[in-house]
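K.L.:
Spelled out, the chains give:
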Amino acid sequence: KAGVTQTPRYLIKTRGQQVTLSCSPISGHRSVSWYQQTPGQGLQFLFEYFSETQRNKGNFPGRFSGRQFSNSRSEMNVSTLELGDSALYLCASSSGTGGAWDEQFFGPGTRLTVL
Amino acid sequence: QKEVEQNSGPLSVPEGAIASLNCTYSDRVSQSFFWYRQYSGKSPELIMSIYSNGDKEDGRFTAQLNKASQYVSLLIRDSQPSDSATYLCAVNRVGGATNKLIFGTGTLLAVQP
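Chains A and B, in that order, give the protein sequences.
This note's numbering numbers the first residue of the first sequence as 298 and each following residue consecutively.
This note's numbering numbers the first residue of the second sequence as 4 and each following residue consecutively.
Just so you know, these hints were derived from the structure itself, not from any lab.
Warning: the hint list may mix true and false statements.
Beyond 10 Å from chain A on every Cβ pair, some chain B residues (computed) [to be verified]:
#1 Leu14
#2 Thr27
#3 Arg31
#4 Gln34
#5 Glu48
#6 Asn56
#7 Arg63
#8 Leu68
#9 Ser72
#10 Arg80
#11 Ser87
#12 Gln115
Using 27 Å as the maximum straight-line C-alpha spacing, the simulated DSSO-like pairs for lysine-lysine come out as follows [stated by the list, open to error]:
#13 Lys354/A to Lys59/B
#14 Lys5/B to Lys354/A
#15 Lys310/A to Lys45/B
#16 Lys45/B to Lys5/B
#17 Lys103/B to Lys45/B
If you're wondering where the values come from, they're calculated on a predicted model, not measured in any experiment.
The beta-carbon is built from N, C-alpha and C at its ideal position, and this holds for glycine as well.
So here's chain A without its partners, still in its complex pose (with noise of 0.2 Å):
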């Protein structure tokens, strides 16, 4: 089974500049979460996509959003960039429909940097 994959690997932006972030999760999973790590802040939460709906949200501005179509594919994107968005953004796949006992399982990440 094909494990969660990202693209790009890697980007490099401009303050003010917008990106967007791409996730196919594993084949069969419905859930796809968005996470952020940085080394001051470690992994902390953005989103939840399940089915096409934004289950779960975490504490981050407007301009992190994120959408999943109907083949469970999911998309991030980040507005306006600035420095402090510098990351790695993990997507992590999961069936979705186990509740607080699914695992999760991460792809390979995008490693952004905002000049």
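Following the hints, put chain B in place on chain A, whose structure we already have.
P.N.:
Chain B alone, transformed into the frame defined by chain A:
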């Protein structure tokens, strides 16, 4: 108080020894607990999940959960240099069908040959 707390380490153990990694959580209604391993420059990899009080063993790994003490641990037996990584504890709160993992900051494990 952080929701999930781990000692940042580094925890240094000799090859062949038992490494003991600890994690405490503050939300008493937390239901599920996960251990991830993250090598430098890589993404987290799920090692163990545990949902009930007691021990759960998988190969060289044993997860232990004590909900009364709000404590979860990971034991690695016969530690190998390849086990050197950051170990992340994650907790999923009760709250319906949603998936929201709260992570600790991780413990860096160094296994000395």
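K.L.:
Is the Cα-Cα distance between lysine 45/B and lysine 5/B 27 Å or less?
P.N.:
holds (25 Å)
K.L.:
Within a Cα-Cα threshold of 27 Å, do lysine 310/A and lysine 45/B meet the stated pairing?
P.N.:
holds (21 Å)
K.L.:
What's the verdict on lysine 103/B and lysine 45/B, does the C-alpha distance respect the 27 Å limit or exceed it?
P.N.:
holds (21 Å)
K.L.:
Minimum Cβ separation between arginine 31/B and chain A greater than 10 Å?
P.N.:
Holds, since 14 Å exceeds 10 Å.
K.L.:
Could you let me know if the closest chain A CB is still more than 10 Å away from the CB of glutamate 48/B?
P.N.:
violated (7 Å)
K.L.:
Lysine 354/A and lysine 59/B: Cα distance at most 27 Å?
P.N.:
violated (31 Å)
K.L.:
Regarding the pair lysine 5/B and lysine 354/A, is the alpha-carbon distance no greater than 27 Å?
P.N.:
holds (19 Å)
K.L.:
Take a quick look at asparagine 56/B and tell me if its Cβ sits farther than 10 Å from every Cβ on chain A, holds or violated.
P.N.:
The claim holds: asparagine 56/B sits with its nearest Cβ about 15 Å from chain A, beyond 10 Å.
K.L.:
Classify the label on glutamine 115/B as holds or violated, using whether its beta-carbon is more than 10 Å from each beta-carbon of chain A.
P.N.:
Holds, since 24 Å exceeds 10 Å.
K.L.:
According to the definition I'm using, a residue is off the interface if its beta carbon is farther than 10 Å from all beta carbons of the partner; does threonine 27/B meet that for chain A?
P.N.:
holds (16 Å)
K.L.:
Please settle this one: glutamine 34/B was flagged as non-interface, so is its CB more than 10 Å from every CB on chain A?
P.N.:
violated (4 Å)
K.L.:
Grab the minimum beta-carbon distance between leucine 14/B and chain A and tell me whether it stays above 10 Å.
P.N.:
Since the minimum Cβ distance to chain A is about 17 Å, leucine 14/B lies beyond 10 Å and the statement holds.
Comparing the model with each earlier hint shows violations of hints 4, 5, 13; every other hint is respected.
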